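Engineer: Protein chains in written order, with the working numbering: chain S, 1 to 317; chain P, 1 to 404; chain X, 1 to 303.
FYI, nobody ran anything at the bench for these hints, they're computed from the structure. If you're wondering where the values come from, they're calculated on a predicted model, not measured in any experiment. Incorrect hints may have been included.
[Claimed, not checked] Here are the simulated DSS-like cross-link-like pairs (lysine-lysine), alpha carbons at most 27 Å apart as the crow flies:
1) K105(P) to K235(S)
2) K235(S) to K91(P)
3) K108(P) to K312(S)
4) K105(P) to K91(P)
5) K58(S) to K79(S)
6) K249(X) to K98(X)
7) K71(X) to K162(S)
8) K312(S) to K235(S)
9) K108(P) to K91(P)
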Amino acid sequence: MAVAESEFPLVSRRRRRLSGRRVASALAPYALLAPAAAIIGAVLGYPLYLLVRLSFEKYGLFELVRHHGTWVGLGNYRKIFHDSQFWHVVLRTVVFTAVNVTLTMVLGTAIALLIARLGRFMRLLLTTALVLVWATPVVVAVNIWRWMVDYEFGVANWTLTKLHFGNFVHHDWFASSLSGFGVITAVIVWGAIPFVAITVYAGLSQVPQELIEAAQIDGARAWNVFREVTLPLLKPIFIILASLSIIWDFQVFNQVWIMLGERPSPDYYLMSIYAFVESFRINEYGLGSAIAVVMVAMMMVATLVYIRQMVKTGEVR
Amino acid sequence: MAAIQLVHVSKEYGGGALAVNDLNLEIAEGEFVVLVGPSGCGKTTALRMVAGLEEITDGEIRIGDRVVNDLAPRDRDIAMVFQNYALYPHKTVYENLVFGLRMRKVPKEERRRRVEEIARILGLEDMLQRRPAQLSGGQRQRVAMGRAIVREPQAFLMDEPLSNLDAKLRVQMRAEIARIQQTLAVTTLYVTHDQVEAMTMGHRVAVMRGGVLQQVDTPQRLYDSPGNLFVASFVGSPAMNLLEVVLERDGGTLVCRVGDTDLELPADTVGRRPALERFVGRHIAVGIRPEALSEAGEDPDAPRLRGRVLLVEALGAESLAHVEVTGTPLDRPELVDVAASQTHLLPVGERTATLLARLEHDTGVRPGHIVDLAVDTRRLHFFDLESGVAIAAAAAPVTAAAVG
Amino acid sequence: MSSVAPIAPVPVAPTTARPAAVARRRLRRGHVARRIGINLLGLAVFTVMIFPVYWMVATAFKPGRNIQDYKPHWFPAPATLSNFTNAVHRPYFWTDVKNSLIIVSFVVVLSLTVAFLAALALSRFRFYGRTAFIFLILGTLMVPLAALIIPLYITLSRVHLINTLTGVIAMYMTFVLPFSVWTLQGFMRGVPRELEEAAMVDGSTRFGAFVRILLPLVAPGLVATSIFAFIQAWNEFIIAYVFLHDGSKQTITVWLASFTNLHGTDWGPLMAGATLTALPVVVFFVLIQRRIAFGLTAGAVRG
Numbered sequence: 001m002a003v004a005e006s007e008f009p010l011v012s013r014r015r016r017r018l019s020g021r022r023v024a025s026a027l028a029p030y031a032l033l034a035p036a037a038a039i040i041g042a043v044l045g046y047p048l049y050l051l052v053r054l055s056f057e058k059y060g061l062f063e064l065v066r067h068h069g070t071w072v073g074l075g076n077y078r079k080i081f082h083d084s085q086f087w088h089v090v091l092r093t094v095v096f097t098a099v100n101v102t103l104t105m106v107l108g109t110a111i112a113l114l115i116a117r118l119g120r121f122m123r124l125l126l127t128t129a130l131v132l133v134w135a136t137p138v139v140v141a142v143n144i145w146r147w148m149v150d151y152e153f154g155v156a157n158w159t160l161t162k163l164h165f166g167n168f169v170h171h172d173w174f175a176s177s178l179s180g181f182g183v184i185t186a187v188i189v190w191g192a193i194p195f196v197a198i199t200v201y202a203g204l205s206q207v208p209q210e211l212i213e214a215a216q217i218d219g220a221r222a223w224n225v226f227r228e229v230t231l232p233l234l235k236p237i238f239i240i241l242a243s244l245s246i247i248w249d250f251q252v253f254n255q256v257w258i259m260l261g262e263r264p265s266p267d268y269y270l271m272s273i274y275a276f277v278e279s280f281r282i283n284e285y286g287l288g289s290a291i292a293v294v295m296v297a298m299m300m301v302a303t304l305v306y307i308r309q310m311v312k313t314g315e316v317r
Numbered sequence: 001m002a003a004i005q006l007v008h009v010s011k012e013y014g015g016g017a018l019a020v021n022d023l024n025l026e027i028a029e030g031e032f033v034v035l036v037g038p039s040g041c042g043k044t045t046a047l048r049m050v051a052g053l054e055e056i057t058d059g060e061i062r063i064g065d066r067v068v069n070d071l072a073p074r075d076r077d078i079a080m081v082f083q084n085y086a087l088y089p090h091k092t093v094y095e096n097l098v099f100g101l102r103m104r105k106v107p108k109e110e111r112r113r114r115v116e117e118i119a120r121i122l123g124l125e126d127m128l129q130r131r132p133a134q135l136s137g138g139q140r141q142r143v144a145m146g147r148a149i150v151r152e153p154q155a156f157l158m159d160e161p162l163s164n165l166d167a168k169l170r171v172q173m174r175a176e177i178a179r180i181q182q183t184l185a186v187t188t189l190y191v192t193h194d195q196v197e198a199m200t201m202g203h204r205v206a207v208m209r210g211g212v213l214q215q216v217d218t219p220q221r222l223y224d225s226p227g228n229l230f231v232a233s234f235v236g237s238p239a240m241n242l243l244e245v246v247l248e249r250d251g252g253t254l255v256c257r258v259g260d261t262d263l264e265l266p267a268d269t270v271g272r273r274p275a276l277e278r279f280v281g282r283h284i285a286v287g288i289r290p291e292a293l294s295e296a297g298e299d300p301d302a303p304r305l306r307g308r309v310l311l312v313e314a315l316g317a318e319s320l321a322h323v324e325v326t327g328t329p330l331d332r333p334e335l336v337d338v339a340a341s342q343t344h345l346l347p348v349g350e351r352t353a354t355l356l357a358r359l360e361h362d363t364g365v366r367p368g369h370i371v372d373l374a375v376d377t378r379r380l381h382f383f384d385l386e387s388g389v390a391i392a393a394a395a396a397p398v399t400a401a402a403v404g
Numbered sequence: 001m002s003s004v005a006p007i008a009p010v011p012v013a014p015t016t017a018r019p020a021a022v023a024r025r026r027l028r029r030g031h032v033a034r035r036i037g038i039n040l041l042g043l044a045v046f047t048v049m050i051f052p053v054y055w056m057v058a059t060a061f062k063p064g065r066n067i068q069d070y071k072p073h074w075f076p077a078p079a080t081l082s083n084f085t086n087a088v089h090r091p092y093f094w095t096d097v098k099n100s101l102i103i104v105s106f107v108v109v110l111s112l113t114v115a116f117l118a119a120l121a122l123s124r125f126r127f128y129g130r131t132a133f134i135f136l137i138l139g140t141l142m143v144p145l146a147a148l149i150i151p152l153y154i155t156l157s158r159v160h161l162i163n164t165l166t167g168v169i170a171m172y173m174t175f176v177l178p179f180s181v182w183t184l185q186g187f188m189r190g191v192p193r194e195l196e197e198a199a200m201v202d203g204s205t206r207f208g209a210f211v212r213i214l215l216p217l218v219a220p221g222l223v224a225t226s227i228f229a230f231i232q233a234w235n236e237f238i239i240a241y242v243f244l245h246d247g248s249k250q251t252i253t254v255w256l257a258s259f260t261n262l263h264g265t266d267w268g269p270l271m272a273g274a275t276l277t278a279l280p281v282v283v284f285f286v287l288i289q290r291r292i293a294f295g296l297t298a299g300a301v302r303g
């Protein structure tokens with residue numbers, strides 16, 4: 001090749017030009033990515049770095065004014081890990097997430113299976129309702145449910161009393177954190193069902209009809225067809241939906257915050273609320289950051305599952 | 001093992017159109033019957049009704065001595081091979097094979113024994129732990145067969161099981177399926193659109209068109225005595241040449257007037273087909289199989305057609321000549337298999353027809369030559385131009401529903 | 001084995017076991033009952049799902065005396081628009097709608113422009129670091145806003161952008177941009193590269209092929225992504241709540257909170273305000289739902 005190059009200058013010139021173009025085209029993707037990378041770095045990357053740094057600092061009102069924190073090493077972490085309230089909040093958040101995700105997945109899947117069996121008119125009606133619910137902004141949804149469970153004029157209290165579930169006249173749903181979380185769970189599950197139901201329904205309609213028929217001929221009853229054929233085929237979808245639900249439900253903030261009139265009592269603290277209150281109510285930004293860092297670390301697990309499944313199904317190529 | 005009977009079976013989808021129209025068919029115990037026809041002819045619907053995947057609008061289906069009309073597929077004790085194999089993608093080959101046995105609560109030891117035996121017969125032993133995605137097309141096909149066989153069902157139903165294979169593998173699997181069916185002697189209903197497949201595999205072949213059964217017969221009889229124009233044009237490759245001719249009497253004999261040429265028919269023609277008498281002086285359709293045409297010898301009296309050679313396809317063992325003759329090509333698309341009639345890609349004039357002739361492989365005929373084709377007039381087929389029904393030989397009762 | 005005689009014209013003797021017609025009717029009756037049952041269940045689920053939305057709209061049209069009644073009035077009769085007039089005439093409604101619109105427009109234009117370029121790189125080039133960048137985009141999901149808000153507050157207080165729309169616009173990019181990049185590259189991957197290659201073979205430059213072939217084909221995807229970005233930004237609460245202190249600087253979602261004070265809640269006007277807040281989102285969402293729904297899950301089901 002080297003010989004040819006020296007003997008035929010024309011060829012070599014052509015080659016050099018080509019390689020020049022090749023360099024340009026090799027740089028092009030980086031140039032296209034640069035703005036996005038810069039913005040993500042500025043509004044996500046730097047704050048994340050700062051979050052981690054803050055978690056090692058004492059950063060209160062004084063430091064906020066001074067624009068400078070005081071390094072305390074693992075002090076904040078030591079503090080929260082020795083704080084029984086922190087562990088309560090972690091446990092509460094985990095249980096809360098588990099309950100919400102389970103309910104969302106089970107009910108969403110059940111509704112998807114129902115949609116698949118409905119007549120055309122009912123199917124259209126139900127999907128329309130689902131899309132409407134899906135479209136309802138969280139802030140609006142919380143206010144609707146707050147109104148429905150209002151202790152004085154709420155439709156829930158009247159209905160439950162009429163249906164003889166007990167005396168719900170002037171029942172305050174938020175007096176006990178258990179029933180309060182019940183309402184919050186209702187808002188979240190109600191709002192999350194459409195995404196799960198419509199996605200699973202779309203998945204169901206992609207399961208080849210022949211496989212179902214083959215299973216029927218092989219002697220499987222409806223439940224076995226579902227368990228042996230449909231469910232395994234939809235496993236990737238379920239993994240993705242479950243990991244997304246975990247990610248979303250683990251960081252719930254608005255529903256609790258607005259539902260409880262922006263003043264939740266400690267019984268209602270989830271990790272996001274706790275971190276927020278420590279920072280912005282008590283002005284202990286360092287402590288709040290430490291809680292937030294633990295939270296991010298915990299969410300990383302669900303995110304990794306999600307990304308892994310996206311890679312497996314060929315979405316990341 | 002059990003016979004399958006379809007008695008006056010019809011299928012109507014919404015809108016009143018009948019996908020299957022009054023189908024009567026019996027598949028004897030151990031028999032291999034192929035349902036064949038162009039796409040949309042109702043053959044797959046018929047098969048799916050037997051499987052229980054499609055509700056029956058009218059009529060009755062029996063497997064053995066049970067009426068299965070309202071039995072779920074799982075209770076019919078049949079096995080089916082699907083066009084796309086329908087192997088469970090998330091299960092291994094072993095799990096695919098064993099699934100039906102598990103669902104039927106066959107004891108574990110028995111399950112293992114049967115699956116392993118089938119795997120041995122089909123040469124799948126080394127692949128039992130693989131997933132369908134890791135198999136080649138032929139191997140998948142074999143697993144699908146195995147899944148049907150392992151259940152030891154009353155009957156096999158196969159829905160175009162070879163259509164996803166490449167040509168060479170198809171020929172190979174064709175023989176393999178026929179061999180397996182022969183060994184196991186399981187009642188089999190096989191659906192295909194490929195008439196070659198139908199002819200080579202079936203003990204009997206049932207030809208369907210537009211939801212209506214046209215003819216059921218052994219492959220040979222289907223080929224030798226097609227009951228109507230549709231069967232005549234559908235069966236056989238290359239397809240039968242079909243011409244519109246005038247039947248005349250010339251003294252003591254009948255002649256077919258093809259264009260300007262008179263083809264004298266053998267003296268005993270009317271004796272063999274008395275019905276032909278009624279068509280004297282009228283237009284009828286005549287069918288000539290390509291092998292009934294040959295290069296004419298010296299005998300000037302032998303019936304012959306003269307034409308210009310348009311194209312010669314050398315196939316090795318023989319040569320197919322496309323010869324343009326004076327005459328009227330049959331123009332009744334509603335009575336013939338459209339796909340077959342479309343094989344005449346060469347320009348067809350108003351007064352000329354193109355005939356396909358099967359000639360010797362060493363024929364000297366070349367495009368542009370004028371040739372005389374000897375016509376074996378004993379092997380002509382005659383059809384009523386109006387109904388398309390064969391003007392039948394007296395001794396051989398041939399079933400043919402009028403095309404409706 | 002093969003029976004030569006054709007059987008077609010010879011009908012098989014009908015069985016005496018059970019006439020087919022009877023069997024068929026029985027099957028159909030069971031079928032119909034099942035179908036009615038399923039559709040009734042569907043109706044029940046429909047009612048439960050739609051009721052809260054209905055209740056919001058119904059309450060919004062009810063006069064105050066029918067709202068403040070222990071016994072619910074199921075239908076807004078008599079209907080009134082007074083709740084809407086009340087809501088609209090509350091302080092800062094129009095200002096906050098304007099603020100929301102300003103923020104949302106900047107966020108959409110900015111993030112879509114940047115995301116388009118990034119999506120182009122991800123879907124049309126192979127390069128070192130590509131997969132890493134995709135992981136980064138998907139990884140942003142795990143950062144909860146409630147956690148991010150702390151360092152963002154510290155940072156913005158340093159650069160004095162607290163209580164400005166500019167600061168909020170910048171912060172909205174944290175969640176709108178990654179999502180837009182991801183959805184857009186999905187849309188672009190849906191356009192076969194062969195189309196551009198054909199254009200290039202036909203004499204177009206690479207850039208020309210982008211403009212003339214890819215751009216028109218991903219236009220619907222661009223619209224869908226913009227609308228979804230709009231919805232996300234419009235619905236955001238916590239950032240606006242923390243960073244915008246003055247009533248005249250807030251967004252519409254924060255404005256909704258102003259109905260509740262220590263004396264209780266004005267349910268009628270609140271539901272009217274909620275209806276108004278949700279309206280643009282619902283309209284847009286219904287338009288694009290089909291296109292956008294599967295961005296986060298697409299391709300997960302394959303036969």
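Engineer: Next step is simple, just say for each hint if it's right about the structure.
Structural biologist: Status of each hint after checking the structure:
no.	hint	in the structure
1	K105(P) to K235(S)	holds (26 Å)
2	K235(S) to K91(P)	holds (13 Å)
3	K108(P) to K312(S)	violated (34 Å)
4	K105(P) to K91(P)	holds (18 Å)
5	K58(S) to K79(S)	holds (12 Å)
6	K249(X) to K98(X)	holds (9 Å)
7	K71(X) to K162(S)	holds (10 Å)
8	K312(S) to K235(S)	holds (12 Å)
9	K108(P) to K91(P)	holds (18 Å)
Violated hints amount to a single one, hint 3; each of the other numbered hints is respected by the structure.
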